[in-house]
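Peer 1: Work the whole structure out from these sequences, hints included.
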Amino acid sequence: KDLQEVRIGSQPALFSTLPFLVAEEKGWWKDVGLKVTITNFPAGAPQIAASRSWDVGIVGSVPAVLGAARFGLHTIALAEDQSAVNALYVHGPDSDNYIRDPATIKGKTIYLTGNSTGDLAARYCLKKFGLTKDDTTIRSMDQAQIVSAMSSGSVEIGALWAPNTYTVEEKAGAKLLCSGKDAGVLIPGNVVVRAEWGNAHPHRVAAFLAVYLRAQRWLEANRKDALVLMKKYYAAGGVTISEAAMNKEFDRRPTFNLVQQLALFSRGSQPSRVDTIMNIIASFSKEVGSLRADEPLPDPKSYITDKYLKLVNGDPKLKSFADLNGSGKGQ
Amino acid sequence: MTMAARDRSGRTQVGIAVVFTVVGSWYLGSKYGLINPQLFPTPEQFIAAGRQLALGEGYAGGLLLQHVLQSVKLILLGFFAATVIGVPLGLWMGWSRKAEALVGPVFLLIRPIPALAWIPLAIVWLGLGDAAKIMILLLAAFVPSVINSFTGVRNIPQAIIEASQMLGIRGWLLVKEVIVPGALPSIFTGVRLSLQVCLTALVAAELLGAPLGLGKILYQAGLDIYPAMILAGMVTVAIVGFALTAVFDYVERLSMPWRTRN
Amino acid sequence: MSNIVFSNVSRSFRREGKNFLALDDITFSVQEKEFVAVVGPSGCGKTTCLRMAAGLEFVSNGSVAVGGKEVKAPGPERAVVFQQFALFPWKTVSENIRFGLRSLRVPRNEAEDRIRCNIRLMGLEGYESAYPHQLSGGMQQRVAIARAYVLNPTVLLMDEPFGALDAQTRTVMQEELLRVGRANPRTVMFITHAVEEAVYLADRVVVMTRRPGRIREIINIKSIRDAEGWQQYERIEDVMDLESFVHLRTQIWRLLREQNERVAN
Amino acid sequence: MSNIVFSNVSRSFRREGKNFLALDDITFSVQEKEFVAVVGPSGCGKTTCLRMAAGLEFVSNGSVAVGGKEVKAPGPERAVVFQQFALFPWKTVSENIRFGLRSLRVPRNEAEDRIRCNIRLMGLEGYESAYPHQLSGGMQQRVAIARAYVLNPTVLLMDEPFGALDAQTRTVMQEELLRVGRANPRTVMFITHAVEEAVYLADRVVVMTRRPGRIREIINIKSIRDAEGWQQYERIEDVMDLESFVHLRTQIWRLLREQNERVAN
Amino acid sequence: MGERLTKAQTIGFSITGMLFFFGIWVFAAWVKLAPREFLPFPWDVVGEGLKLLIIPFSGLTLQDHLAASIGRFMSGFFLAAAVGVPLGLLMGWYRWLDNIMTPLFDGLRFIAPIAWVPFAALWFGAGIGGPTLIIFAGAFPPCLINAYRGSLFVEQTFIEAAQVYGASGIRIVYEVLLPASLPSIIAGLRVGAGAGWQSLIGAELIAANSGIGLMMVRAQAALDTPIVMVGMIATGIFGVLIDFGLGGIEGWLNRNRGR
Ligand SMILES: Nc1ncnc2c1ncn2[C@@H]1O[C@H](COP(=O)(O)OP(=O)(O)OP(=O)(O)O)[C@@H](O)[C@H]1O
Ligand SMILES: Nc1ncnc2c1ncn2[C@@H]1O[C@H](COP(=O)(O)OP(=O)(O)OP(=O)(O)O)[C@@H](O)[C@H]1O
Ligand SMILES: [Mg+2]
Ligand SMILES: [Mg+2]
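Chains as they are written, first to last, in this note's numbering: chain A, 1 to 331; chain B, 1001 to 1262; chain C, 2001 to 2265; chain D, 3001 to 3265; chain E, 4001 to 4259.
Read the hints as simulated data drawn from the structure, not as lab findings.
None of these values were measured; they are calculated from a predicted model.
Each residue gets a CB set at the ideal place from its N, CA and C atoms; glycine is no exception.
A few of these clues could be false.
[Said to hold, decoys possible] Lysine-lysine pairs mimicking DSSO-like chemistry, simulated, CA-CA at most 30 Å apart:
id, chain 1, residue 1, chain 2, residue 2
1, A, Lys181, A, Lys286
2, A, Lys26, A, Lys319
3, C, Lys2072, B, Lys1176
4, A, Lys232, A, Lys171
5, D, Lys3091, C, Lys2018
6, E, Lys4032, A, Lys224
7, A, Lys231, A, Lys35
8, A, Lys286, A, Lys30
9, C, Lys2072, C, Lys2033
10, E, Lys4007, C, Lys2072
11, A, Lys307, A, Lys128
12, D, Lys3069, D, Lys3222
13, A, Lys224, A, Lys317
14, C, Lys2091, C, Lys2072
15, A, Lys108, E, Lys4032
16, B, Lys1098, C, Lys2072
17, A, Lys232, A, Lys35
18, E, Lys4007, C, Lys2018
19, C, Lys2018, B, Lys1098
20, A, Lys181, A, Lys128
21, A, Lys175, A, Lys224
22, C, Lys2091, B, Lys1176
23, E, Lys4051, A, Lys171
24, A, Lys231, E, Lys4051
25, B, Lys1098, E, Lys4051
26, E, Lys4032, A, Lys171
27, C, Lys2091, D, Lys3018
28, E, Lys4032, A, Lys232
29, A, Lys248, A, Lys128
[Claimed, not checked] Cβ-Cβ distance ranges computed for the label pairs, FRET-style:
id, chain 1, residue 1, chain 2, residue 2, range
30, D, Asn3008, C, Gly2137, 28 to 36 Å
31, E, Pro4035, A, Lys128, 30 to 38 Å
32, C, Asp2238, D, Arg3179, 28 to 36 Å
33, A, Lys171, E, Leu4108, 40 to 48 Å
Peer 2: Next comes the structure, spelled out in structure tokens:
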């Protein structure tokens, strides 16, 4: 039987893209009639800029907004809740003081990667500490630079996301100051599709989604095997990660099953949960200027859709496939 | 065709005409949809970005002028460091075969390492201040100064050296009055290239958490996927490069009166 | 004392791993205040000889002495005029001429006097602050000669100094050299390709053979010149029409042609 | 028909915004199969004249015609031999010689024959696949001449072709040129600085004045040569000793010296 | 000029220089000028390099990363040479082309190759076109400039000789300008190869999923300084090799022409 092609845009060594490895190892792509090619990108910005070269993918929620506004990327599911792993870290002799009284970071310089989920978490943390935009100096740098600058002592406060968070925790002794979750903001990872491709091939999107959800369920259900795979996957991305950190990855990143996804996306008379979350993120993008003044906030209805989730839900085969336990298959 | 084809005077006028033609076809191309605005900004977008940067709310933490001043400061410091280290090193290597053998291999190995690759070490050794950024510029920009100063000395005609020996000139006087002026045209070629490299290495240097700067504009606009702003940044860099080179040309002409005809 | 003495000088160069002999057993001398011209086929080692006297090149065997002392290094008492002038392009005419005086530590006033005097001697007035590239070839060569003269060298070594000039300028320079030499004779070793030039200027002409360079013959011009009274003529063309001149010229020419034939066969 | 006719030619160049006259009202001609040498002070416009005949330079006024047709562009029927040889260093001897034949579209066999013949004529056998830098100056010049001869040009334009050679090689080349010219006479315009060379080689000598270049005099050599029977001598030095030769030489020399004086005063 | 050295002396001094360099390094590491994890000893780096030959980092071994980089490099460099050299030659001959190209080019040469990264992503997506564009941006200017200047300064007499002997237009370009400026062109290729290689590594630091640059940036994020240094040294060595290769050709050409 002919396999249908799907090009996936991904990033290496991320919890949210680990399911691709699971699916690969288990041969699930073939089971749903897909043949996938995965292209890795080092970060969200180049990934969405290059969105013409892939069809479906996982991106952070901040790039997802930009992708929606500029490149017609539709959010079709949430990869996970990353609020706990996008966080401000502190390092150095004063770090305990900062943790005891976060308001003392007033007047300091915070290094973060601009226009990212880390940026978002950091700004909500500052809000929570009662600090305004002008109370601290914000500098933008790539994650790798923040990691080395922090561990060599030139940066006291930096915003990072996993797995860089574990690197600074374990190798440099940096301490968690405040995560997005602590600050009360929900930061998802988004499953996105190029709109016109999705419209042309809705069934491939649904099949892809089913596999992704199924792999997430499998990871949840088989922690021990999952840790082995994860170690291997992270190593392939150049990240060596401890057992403890891997467990934290699982604990700090809740995922959603099909039922939960449908609930998150369902719009009654009011906006759905996802609409609300993404609106927060879009306003953040506007605030930091990555959405330009002349660009309107994208209307959630225009790019957030549960069309493909419903396709999965409506197809008994896919539905039971996505729900690992229900299908009785796997393992 | 013979003489005329190889006489390059009167270029300015043609150059201006060419720039106008290019801008014109860009405008028409965008207007009639031959250029996809998602892939390349339209003139309107470009002007809007330029206005935002220069006059409006600014971008990447500041207004155009602030960015330019910050970057020019960094370029001049890096350029100064690169030439102050590179030119004497090149002269020394050119003059002494021992020095060439001693320093050459290390220089050869360090030379191909791109400016960006030094970032981790620059951060660790010098932190995130101007020192680290200048180190990045220095490492990239001292190479042409060394190479051209070196070849400048090596290409001083043997007869000139022998004439000085015959006249009994040696030591510091020889360096000052013969070696340096003899190598000067080549030194200037190298130093001019160093200046150009400083501009191209600026993006790398300003990845180190710069508060302002042209490199930062380009970096930020890349993150924001803002093609019009990238283009505005590029055009600014080109103009700054042009201006600095023009100043440089003037200094060069003043420094070598024996080369200006009549 | 300022004579130049070559005693059994030989010189070999390494080329492509092999030693090859460039100069073989050269013995001749230039007496004090004598003008000796050296002619010979291209590549016979004329320049090498001159460079040895200058201290820019070393003997493999034998010795070169100037003023009774063996030559070890270059120095301003043995001024060289190079074929390609070797002026410093970044120095003006007067700076070029002054340069050698700086290492001699000549007092300032005296230095300026000597420079002015030599600039006049060479007809360079008005060009003191011109750069070499602004001068014609003949004028550049005059600067090079002034630069040598100003040092008051005991010995003057000239390697085809007029080789790069056109024929007309060349004759003017030759006459000038003769005029200056009569006023203030010096020990001169002069290399040339032009046989007429050698005969016209020199007291003696050394003819060398093709590789390896040996001395073929040394021809005394002075005795004939004095006997025939060439001095009475100001102009080179007047001298060149004299039968005595033509004969000497042809004699040397034949010696040189001999060399070419030897190679052709 | 292959004569060269300069009629009232003048040429001015722009320099520093000003027009200045380099050639003024030049009228002379080179008859078919005649060898005309042009001498004159440096910068008088000799090269400019030759380049006009070659089509590399244009007149400001007047006209230059070759074979009755006005010259408009360079072409292989008017072969030029340049002072610096201008051989292509990246081509072997035979490739250099072949270069011109390719644009003439000579059939392959004939081309090879002509190349072989000219290589023999110039004594270059065995050097067909050598690169120019592997040859001595004299041999390089022979290649340059072969490259011109192989085209069977009706007109040969030579700009100081022996200027860069040393005196000995030069005489050999002069004799060779004469030999080849006797066997196969052509229309030749020949520029030189060396008066002897002009007298030795040419049928007529054109003497030019200093800037602006004008024609000072045209001297007929052929009549004297034939009358005195120079042809009977093989060797240049034998001819140079003849009184008739010496007189012609001195006559031209004086004409040239006149020019220098005019400038000096 | 300093006196010439014998071969043995040259080698001796070179080794001394290298030892001096590594001596400073060891000393700095030994006195803990920076913490060991940021300033390892040279042997740590060598050990790490050997380890990387067998144990993959970021999915690939050192030689695989290097191969990925070299593959990209070749495509961009050859394109730069294939476009730059002929264009430069033609600019040297046809004045109108020169007048059109030079002002555009004069502006572009100040722009860092890595500044093209976002455009590369926009225009070429994830394909080979992106890295090719960036290497091209680095390698093209020297290729073009040297061919241009080389052909502009070809001695007039060669051109006139060619014209006199009946050549014109394109034939002059490929039979005279090209061979006459070949040494300059090779020198340009040499500089261009170096610049292209540097901009490639730079681009990989920002956007790629294999290659030496990627290896370095991942190692940096993982605080694995020895691997960063392995990457720098591998970059340096391969850069030297490219330079030697083209330098050899240059020397051979010059010798062939008796220079
Ligand atoms: N440094 C050197 N190394 C090797 N060979 C040399 C060196 N200097 C000179 N030679 C050789 O020694 C020989 C004599 O050279 P020299 O320059 O003295 O000749 P010359 O008589 O001055 O020739 P010309 O008339 O052409 O100037 C030549 O064969 C030359 O190649
Ligand atoms: N393209 C040019 N532009 C400006 N001036 C020129 C040009 N070509 C020649 N001249 C000038 O025209 C005059 C004649 O030059 P030309 O080269 O013909 O002299 P020449 O007699 O051949 O001199 P020489 O004997 O030194 O070769 C010179 O003053 C020269 O400077
Ligand atoms: Mg010599
Ligand atoms: Mg001329």
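Peer 1: Go through the numbered hints given earlier and state which of them the structure violates, listing their numbers in rising order.
Peer 2: Hints 6, 8, 11, 25 and 28 contradicted; others consistent.
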